Amino acid sequence: MNPQNKTHSELAKKFNRDVERVNWHDKTLWFVREKRDKSAHQLAEWEQLREAASQIKNNVLSNLHNYLIEFEKNALNHGIHVHWASTAQEHNEIVHSIIKNHGVNNMVKSKSMLTEECGLNEYLHQQGINVVDTDLGERIVQLANEPPSHIVLPCIHWKKEEIGELFHQHLGTPKGNADPQFLTAAARKHLREHFLTSRVALTGVNFSVAETGEIIVCTNEGNADLGVQLADVHIACMGIEKIIPKRKHLSVFLRLLARSATGQPITTYSSHFQKPREGQEMHIVLVDNGRSERLASDDFRNALKCIRCGACFNTCPVYRRSGGHSYHTAVAGPIGSILAPGFDMAKNADLPFASTLCGSCTNVCPVKIDIHDQLYKWRQVLVKNGHTTASKKTGMNVMSLVLSLPMVYRFSGTVGRWIIRTLPFIVNNKFNPWYKQREMPKASTQSFRSWYLNQRKHGQ
Amino acid sequence: MGSREKILAAVKKNQPAMVEMPALNFAGSKAVDLKQQFIKTLTGIGGTVIEVNDWKEVSDHIKSTFPESGRIVNRVADLDFEISSLKSDPHDFSNVTVAIIQGEFGVAENGAIWLTDANMGDQALPYICEHLILIINKNSIVPTLHEAYDKIGSSTYSLGTFLAGPSKTADIEQSLVLGAHGSKSLIVFLMP
Amino acid sequence: MNIGLFIPCYIDQLYPQVGIATLQVLERLGLSVTYPTNQTCCGQPMANSGFEHLTQGTSHNFVTNFSEFDYIVCPSGSCTLHIKDHLQDDGYPDKALDIRKKTFELTEFLTDVIGVKKLHAHFPHKVGLHQSCHGLRGLGLAQMSELMAPPFSKPESLLTMVTGLELIELERKDECCGFGGTFCVFEEAVSVKMGQDRIADHSNHGAEYITGVDMSCLMHLEGILRRQKSKVKVIHIAEILNSVTG
Chain A
1 MNPQNKTHSE
11 LAKKFNRDVE
21 RVNWHDKTLW
31 FVREKRDKSA
41 HQLAEWEQLR
51 EAASQIKNNV
61 LSNLHNYLIE
71 FEKNALNHGI
81 HVHWASTAQE
91 HNEIVHSIIK
101 NHGVNNMVKS
111 KSMLTEECGL
121 NEYLHQQGIN
131 VVDTDLGERI
141 VQLANEPPSH
151 IVLPCIHWKK
161 EEIGELFHQH
171 LGTPKGNADP
181 QFLTAAARKH
191 LREHFLTSRV
201 ALTGVNFSVA
211 ETGEIIVCTN
221 EGNADLGVQL
231 ADVHIACMGI
241 EKIIPKRKHL
251 SVFLRLLARS
261 ATGQPITTYS
271 SHFQKPREGQ
281 EMHIVLVDNG
291 RSERLASDDF
301 RNALKCIRCG
311 ACFNTCPVYR
321 RSGGHSYHTA
331 VAGPIGSILA
341 PGFDMAKNAD
351 LPFASTLCGS
361 CTNVCPVKID
371 IHDQLYKWRQ
381 VLVKNGHTTA
391 SKKTGMNVMS
401 LVLSLPMVYR
411 FSGTVGRWII
421 RTLPFIVNNK
431 FNPWYKQREM
441 PKASTQSFRS
451 WYLNQRKHGQ
Chain B
1 MGSREKILAA
11 VKKNQPAMVE
21 MPALNFAGSK
31 AVDLKQQFIK
41 TLTGIGGTVI
51 EVNDWKEVSD
61 HIKSTFPESG
71 RIVNRVADLD
81 FEISSLKSDP
91 HDFSNVTVAI
101 IQGEFGVAEN
111 GAIWLTDANM
121 GDQALPYICE
131 HLILIINKNS
141 IVPTLHEAYD
151 KIGSSTYSLG
161 TFLAGPSKTA
171 DIEQSLVLGA
181 HGSKSLIVFL
191 MP
Chain C
1 MNIGLFIPCY
11 IDQLYPQVGI
21 ATLQVLERLG
31 LSVTYPTNQT
41 CCGQPMANSG
51 FEHLTQGTSH
61 NFVTNFSEFD
71 YIVCPSGSCT
81 LHIKDHLQDD
91 GYPDKALDIR
101 KKTFELTEFL
111 TDVIGVKKLH
121 AHFPHKVGLH
131 QSCHGLRGLG
141 LAQMSELMAP
151 PFSKPESLLT
161 MVTGLELIEL
171 ERKDECCGFG
181 GTFCVFEEAV
191 SVKMGQDRIA
201 DHSNHGAEYI
211 TGVDMSCLMH
221 LEGILRRQKS
231 KVKVIHIAEI
241 LNSVTG
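As you go down the protein sequences, you meet chains A, B and C in turn. Position 146 of the first sequence, counting from 1, maps to 146 under the numbering used here, and the rest follow consecutively. Position 120 of the second sequence, counting from 1, maps to 120 under the numbering used here, and the rest follow consecutively. Position 228 of the third sequence, counting from 1, maps to 228 under the numbering used here, and the rest follow consecutively.
Check each hint, because a few of them may be wrong.
Derived DSBU-like pairs: lysine-lysine, alpha-carbon spacing no greater than 30 Å straight-line [claimed, not checked]:
{"id": "1", "chain 1": "B", "residue 1": "Lys-12", "chain 2": "A", "residue 2": "Lys-384"}
{"id": "2", "chain 1": "A", "residue 1": "Lys-305", "chain 2": "A", "residue 2": "Lys-248"}
{"id": "3", "chain 1": "A", "residue 1": "Lys-436", "chain 2": "C", "residue 2": "Lys-233"}
{"id": "4", "chain 1": "A", "residue 1": "Lys-393", "chain 2": "C", "residue 2": "Lys-84"}
{"id": "5", "chain 1": "C", "residue 1": "Lys-126", "chain 2": "A", "residue 2": "Lys-27"}
{"id": "6", "chain 1": "A", "residue 1": "Lys-35", "chain 2": "C", "residue 2": "Lys-173"}
{"id": "7", "chain 1": "A", "residue 1": "Lys-347", "chain 2": "A", "residue 2": "Lys-393"}
Per label pair, the in silico range of CB-to-CB distance [claimed, not checked]:
{"id": "8", "chain 1": "A", "residue 1": "Glu-20", "chain 2": "C", "residue 2": "Lys-126", "range": "26 to 34 Å"}
{"id": "9", "chain 1": "B", "residue 1": "Gln-174", "chain 2": "C", "residue 2": "Gly-140", "range": "30 to 38 Å"}
{"id": "10", "chain 1": "C", "residue 1": "Gln-88", "chain 2": "A", "residue 2": "Lys-6", "range": "46 to 54 Å"}
{"id": "11", "chain 1": "A", "residue 1": "Ala-390", "chain 2": "B", "residue 2": "Ala-23", "range": "52 to 60 Å"}
{"id": "12", "chain 1": "B", "residue 1": "Asn-139", "chain 2": "A", "residue 2": "Leu-196", "range": "38 to 46 Å"}
{"id": "13", "chain 1": "B", "residue 1": "Ala-23", "chain 2": "C", "residue 2": "Asn-38", "range": "48 to 56 Å"}
{"id": "14", "chain 1": "A", "residue 1": "Lys-6", "chain 2": "C", "residue 2": "Glu-68", "range": "46 to 54 Å"}
{"id": "15", "chain 1": "B", "residue 1": "Asp-54", "chain 2": "C", "residue 2": "Gly-140", "range": "53 to 61 Å"}
{"id": "16", "chain 1": "C", "residue 1": "Gly-140", "chain 2": "B", "residue 2": "Asn-95", "range": "53 to 61 Å"}
{"id": "17", "chain 1": "A", "residue 1": "Lys-393", "chain 2": "C", "residue 2": "Arg-172", "range": "33 to 41 Å"}
{"id": "18", "chain 1": "A", "residue 1": "Lys-393", "chain 2": "B", "residue 2": "Asp-150", "range": "52 to 60 Å"}
Calculated directly from the structure, the hints in this document are not laboratory data. Note that the structure is a prediction, hence the values are computed from the model and not measured. Every residue, glycine too, gets a C-beta built ideally from N, C-alpha and C.
Using the sequences and the accompanying hints, generate a full structural model.
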C-alpha cells in the first residue's frame, strides 16, 4: 500500500502539486459535509441522538463479553455458523476455508473495511481465489489496482474522465465517454454477470444485534443484497465492536449513519439478516485483530465506537487537501490516524501529526469519539516510545530549557528575537519550510516585556 | 485455547467498568402530516409516490406505466395480475422487469418502507428486478425509526429491510445516478 | 479584581503591539492589570508535538508567575486552552488546577466575566473574522458549525460594538487556517494550501482585514498574504477593540 514508506507529509506534498485537483477534491468533499449539515439540521433531536449513540456504545464496550456470547447464541439458534478470529491472518484463513469447502474460486464482495484492514483480497488472490468488489467505487479502485481512498466514497479521488478511460481499458466502453450515468450502466452490466455466477458472497457488517443475533448491512447500490441473495453461501465479517445490545437501538444508529455519511435520511437498503434463507449457508466471522487489547486503554478505547460513516474525513481540512492515499493505511482520515498507530506504531507514527487538532472531526462524529484529543494523546505516546526524529527531540529539549528559564528566555530574546530562530514552527532546519511559501514575521524592535517595563518605569 | 476463548477472555479482562444504558427519549419535532412528509422525503431520494383509492387504480397505473410486456412478478393477491409462482432458484428472476410487493409500513422521516422475506416471496426479487413497486397502507406510516422498531418488535425473519428509493450511487464524482445494481426505479402506492 | 496578563511568548517577541492593545483595552475598562515579568511560554509548542513530558519547567514557571491572581487573561485562544486543559505542576498541583479555572481568553473574559456592553472603538473597515479552532472548538467562543445548536459568537458580539466596522460573511465560517503549531512546517504543503484557501474566502468577500483571537493563525496567514503581495492585512482582535476614537 505504501511501498516507498513515505510519510503523510511527503505524500500530501505530492498530492498538492496539482492545485486544480486539490481544489476539486476539497470542494467535492466539502459538498458532502454541507449535505450532512443540512440533513442533520432537520432533526431537532440531532445532538440528543449523538449523545445516546455515544452512551449506547459506551455501554457496549463495558459489557462486550456478555453481548458477544448473547449474539453468538442467538445466531447459532438461527442456523448461522459463527467463527472467531484473533488476528487478520486467522480471519483470512477462515474465509478461505469456507470458499474452499464449496469448491469455487471466485467470490463477490460488498464493502467491508474490515477485509481491507485484514488484506483479505491479496490473501485470497495468493490462494488462487478471484474476488470481485461490487460496490461501484470499490470496483473502480480494484480495477486500478489501488486501495480505496475513503471508507464511504472509495474512489472520490478519481475524475470521471479517468474512470471513463479505466472502463475503456477493462470493460471495453467507448473511448472518451465519461458520462457518470453511462459508466454506471456499464458497471451494472459488468457486475450483474458476476452476481449471477458467484456462489459465494461476502459482506461487511454495519451493526449486529446481541438480542436477536441479526446483522445489518447498509448500502445504496444494493450490491450486498444482490450478491447475498444470488449466492449459496453468505459470509459476513465483522469486528467484535460492531455489536449493539438491542434491536431498538438500531433506530438511533440508522438515524445517524447515512445523515452523517452523505446527508441522506437513510441508505437505500438497510438489510437485516437474521437467518439464512432456505438452502443457503450463512457464516459470521467475528474478528478481534487488536480490538480486545485496545479495549483496555482509557485513552484510546473510545475509537472502537466508530460506525464508519466517514463524516470526519469529509470535514477534515487536512484530509480534503491531502487525499486518502497520503494516509497509507486502510482507514484514512482522522479516525484512521487514531486507529492505525494501534496496529503498528512505527509504520504510522506520522499520522497523528497529520492534523492541526482543529477538532472538527470530534464535532461531526455521530458517536462522539474524541478524535482530536486522541490525536494529541497518540503524539505523546509515540514520542515516549521513541518514534520521533533526533533533530525534533533536540529542538524540543532546547526549547523546553530556554522557555523554562526566564533569564535565558529574555537573553535569547534580546539577541535579535530569539524566537524567530527557535520556535519549531518558524525555523527548524536549513531549508526552512516556513519561508517556502510564506514571508517571515517581521522582527519587532522590542518585546512586549521591555515596552511594559519601560512604560511602568515612566509612572503610568 | 481456541480463538473464541482467547478473545472472550481478553475482552472480559480489558472491558471497563459497566456503563449504564441511556434512556431513549427523543423530544424531537415530529411531523404533523406523516403522509406528506413521507411523500416529500421519498420523492427527494428518487422514489415516486402515488396515492390511490383502490386496488383497481393500482393495477391500471401499473398497466399504463409498463405497457410493454416484459416480465412482471406479482406478490400481491388483490391486484389484477396473476400471482407468480416462485421457483427455488433466485437466478430465475434475472429477467424480471417489474416486481410488485406489499410493504409492511412506511417511515415518514426517511421515506423507507419496511418489508420482510414474507412479503418478498423470494428474497432476490426486490433487488434483481428492473423496476420495483411497493404498496403500503397510508395509515401505516410512522414518524421515525424509533416508532418503526417499536412496530417491528421482536418478530423474526430471514430478511427484513428498510428500502428507501431506487438503487443509487454517487461514486463517480458525486454525481447521483439511479439504478446502480438494484432496481432502477421505485414506485410506492399509498392505499387508503 | 486582580488580573494577571498572560502574553504568549511569540506575541511578546514578535507582536508586542497585540500585548499593548490587550493591556490597554483592559485598563480602559478600569481594571487593574499586572504583567508578571518572569513569564515565558505555556509549553504548548512542546506538548502539541508530543513532548508534553518536557513541559514541567514551563508549567512550573507559569504557576510561579500567575498563582496569586484572581483572573488570568490572555489574547490567545490556543495558549489559554493549553493552560485550561493541560497545566500541571507536580510541586503545586492545587495551584495548577486553580489556574486552569481562572484563565480566560480575552474576548471570553470581556463577554462572560466583565459583561462588556459598550466599547468606544471605531474601525471603519471591512473585516473578516477568522475563528481560530482552539478558541472556537476548545473554549467555545462561538457556536461551531458542526453542531446543531443556536448560534452565538463572543468575538463577533464585541466586534459589532465597534463603530464603522463591517463584518463580512464567509463561505466556510469556521474552517481551520492550517497553522497548527509544528504542523505548519512538518506538513508545509497542506498547511499553506489551507491558509491560501482561508485567505481566498476572506478576500473574495471583500475583507480589508482578517482578524481573530489567535495571533499564531494570523501570523501564518500574514506570511502567505505578504508573499502574495496582497493588500489584505491581519490584525488581532485586541487591536480593533483598542482602536479608540479621538
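Against the structure, the hints come out as follows:
no. : hint                              : in the structure
1   : B:Lys-12 - A:Lys-384              : holds, 28 Å
2   : A:Lys-305 - A:Lys-248             : holds, 18 Å
3   : A:Lys-436 - C:Lys-233             : holds, 20 Å
4   : A:Lys-393 - C:Lys-84              : holds, 25 Å
5   : C:Lys-126 - A:Lys-27              : holds, 26 Å
6   : A:Lys-35 - C:Lys-173              : holds, 16 Å
7   : A:Lys-347 - A:Lys-393             : holds, 19 Å
8   : A:Glu-20 - C:Lys-126: 26 to 34 Å  : holds, 29 Å
9   : B:Gln-174 - C:Gly-140: 30 to 38 Å : holds, 33 Å
10  : C:Gln-88 - A:Lys-6: 46 to 54 Å    : violated, 36 Å
11  : A:Ala-390 - B:Ala-23: 52 to 60 Å  : holds, 54 Å
12  : B:Asn-139 - A:Leu-196: 38 to 46 Å : holds, 39 Å
13  : B:Ala-23 - C:Asn-38: 48 to 56 Å   : holds, 52 Å
14  : A:Lys-6 - C:Glu-68: 46 to 54 Å    : holds, 51 Å
15  : B:Asp-54 - C:Gly-140: 53 to 61 Å  : holds, 58 Å
16  : C:Gly-140 - B:Asn-95: 53 to 61 Å  : holds, 60 Å
17  : A:Lys-393 - C:Arg-172: 33 to 41 Å : holds, 36 Å
18  : A:Lys-393 - B:Asp-150: 52 to 60 Å : holds, 58 Å
The structure does not agree with numbered hint 10 stated previously, though it agrees with all others.
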